[in-house]
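Got chain A; can you put chain B on it based on the hints?
Chains A and B, in that order, give the protein sequences. In terms of my numbering, the first sequence opens at residue 1077 and continues consecutively. In terms of my numbering, the second sequence opens at residue 3 and continues consecutively.
The set of hints was computed from the structure by calculation and includes no laboratory data.
Restricting the straight-line Cα-Cα distance to at most 27 Å, the calculated cross-link-like pairs of lysine-lysine (DSS-like) are: (1) K90/B / K141/B; (2) K90/B / K1147/A; (3) K6/B / K1101/A; (4) K105/B / K161/B; (5) K76/B / K64/B; (6) K1099/A / K1285/A; (7) K1248/A / K1285/A; (8) K105/B / K128/B; (9) K1296/A / K1101/A; (10) K1248/A / K1296/A; (11) K1303/A / K6/B; (12) K6/B / K1302/A; (13) K1296/A / K6/B; (14) K76/B / K120/B; (15) K1248/A / K1078/A.
Simulated restraints on C-beta separations: (16) E19/B / K1081/A: 55 to 65 Å; (17) I85/B / P1141/A: 13 to 23 Å; (18) V188/B / V1106/A: 23 to 33 Å; (19) P1141/A / D44/B: 26 to 36 Å; (20) R48/B / P1163/A: 54 to 64 Å; (21) R71/B / G1093/A: 53 to 63 Å.
Here a beta-carbon is modelled for each residue, glycine too, at the ideal position from N, C-alpha and C.
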Amino acid sequence: MKPEKLIVDGRRLDGRGPNDLRKIKIEAGVLHRADGSCYLEWGGNKVFAAVYGPREAVPRHTQNPLRAIVKARYNMAAFSVEDRKRPGPDRRSVEISKVISEALERVILTEQFPRASVDVCIEVLDAEAGTRCAGLTAAAVALVDAGIPMRDIPVACAAGKIDGQVVVDLGKEEDNYGQADLPIAIAPRTGEVLLMQMDGHLTVEEFNKAFDMAVESCGKVSEIQKKAILQRYHAVDEVIE
Amino acid sequence: MSDKLVMPGEQLSTVEELLPGEGTFEENGVIRAARLGFYIIDQKRRCAQVQPITSIPVIINKGDTVLARVAMAKSSMIIADVIHVIGKDRSVSGETDSTIHAKEIAQGYIKDASTEYKVEDIVRAKVIQTTPSVQLTTKDKHLGSIIALCSKCRHTLVKKGNQLECENCGNREHRRIADDYGEVDVTKL
Chain A
1077 MKPEKLIVDG RRLDGRGPND LRKIKIEAGV LHRADGSCYL EWGGNKVFAA
1127 VYGPREAVPR HTQNPLRAIV KARYNMAAFS VEDRKRPGPD RRSVEISKVI
1177 SEALERVILT EQFPRASVDV CIEVLDAEAG TRCAGLTAAA VALVDAGIPM
1227 RDIPVACAAG KIDGQVVVDL GKEEDNYGQA DLPIAIAPRT GEVLLMQMDG
1277 HLTVEEFNKA FDMAVESCGK VSEIQKKAIL QRYHAVDEVI E
Chain B
3 MSDKLVMPGE QLSTVEELLP GEGTFEENGV IRAARLGFYI IDQKRRCAQV
53 QPITSIPVII NKGDTVLARV AMAKSSMIIA DVIHVIGKDR SVSGETDSTI
103 HAKEIAQGYI KDASTEYKVE DIVRAKVIQT TPSVQLTTKD KHLGSIIALC
153 SKCRHTLVKK GNQLECENCG NREHRRIADD YGEVDVTKL
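Chain A with its partners taken away, still in its complex shape:
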């Protein structure tokens, strides 16, 4: 049911301010059969990411003799949404897989692995708005865990407009009944934009504001990513010291 207002007394429905993120929990190296993996909880989102490879790209006509290809597969579990989702790829998940693949390809040193493919599987177990950002953020941690050579650790976050106000990290109601959604992914070191999509309408001023707020939030998520990676290898750190 649509709420009357999404912002009441300057606070959003879940009590957050415009610049506040939902609670994020990241754990690296959770799957033992994968080369690298990550489990991420972002608000009500629960996402697993697994990385395999680089390994020989099949079918062979997909191979690039000069570099590796990145194949991300974003999939939502049938039980991840309120109404049962029909299993298998659909238009939305094929699109998200494509944009995530292209975003990750920009940071992976693909030229080191000609003819290979880096396979990234993103499984959304529980969805509550912003799953593409959550998936990409989890995939980035899984890539580091897999030891894949990268230029940077990519990170994603969304901004949007609700009740005429620009806010970051839209929740479920805000995403459904808001006026705009602007998910972006960046390479935090250089600020290079790896992914940017927009749903709804924003003025140029609102867009610039939303973009700046999303980039700032990406910085916060990036810190959480790095902490999670360090936590995973804390034991190794102690042994070597």
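Only chain B this time, still in chain A's reference frame:
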């Protein structure tokens, strides 16, 4: 030496000071970490390296002992797919096509390579070249076929004296075998 833990993208040094080594990349004259690990400087080679603390992709190097599955047996050479690098716990990255030339099969003269290995045999071999193509050798008693299939009924051949015999159909076959043929558990390599 430095034992600083570095993240991908972190600045390590500059090209004026050091050479970019393993686990690093160079960008606009700056050497950066390409993987998670400890930053070390190889003083002898004046090279910046990142010693990984995660598992890293497996690349076939000269001198590695590998397991290869025979894909094609010709009279002049054997074409095989490298399926595993012994001592590594990850699948092989990139190029897996390899060849064993007839002269690299055994110490003696081999007239026809296809008599020594047959399709689907699992061969333990050593890498002698990686570029432009992966070349293997089995010129050692520990190298050679470790699993061979009967060419008539596809059951695993069992070592009986110097010959291999199929326990299913009684077919006898010849292979260039490793000294521990039949004793290897491939799941534990």
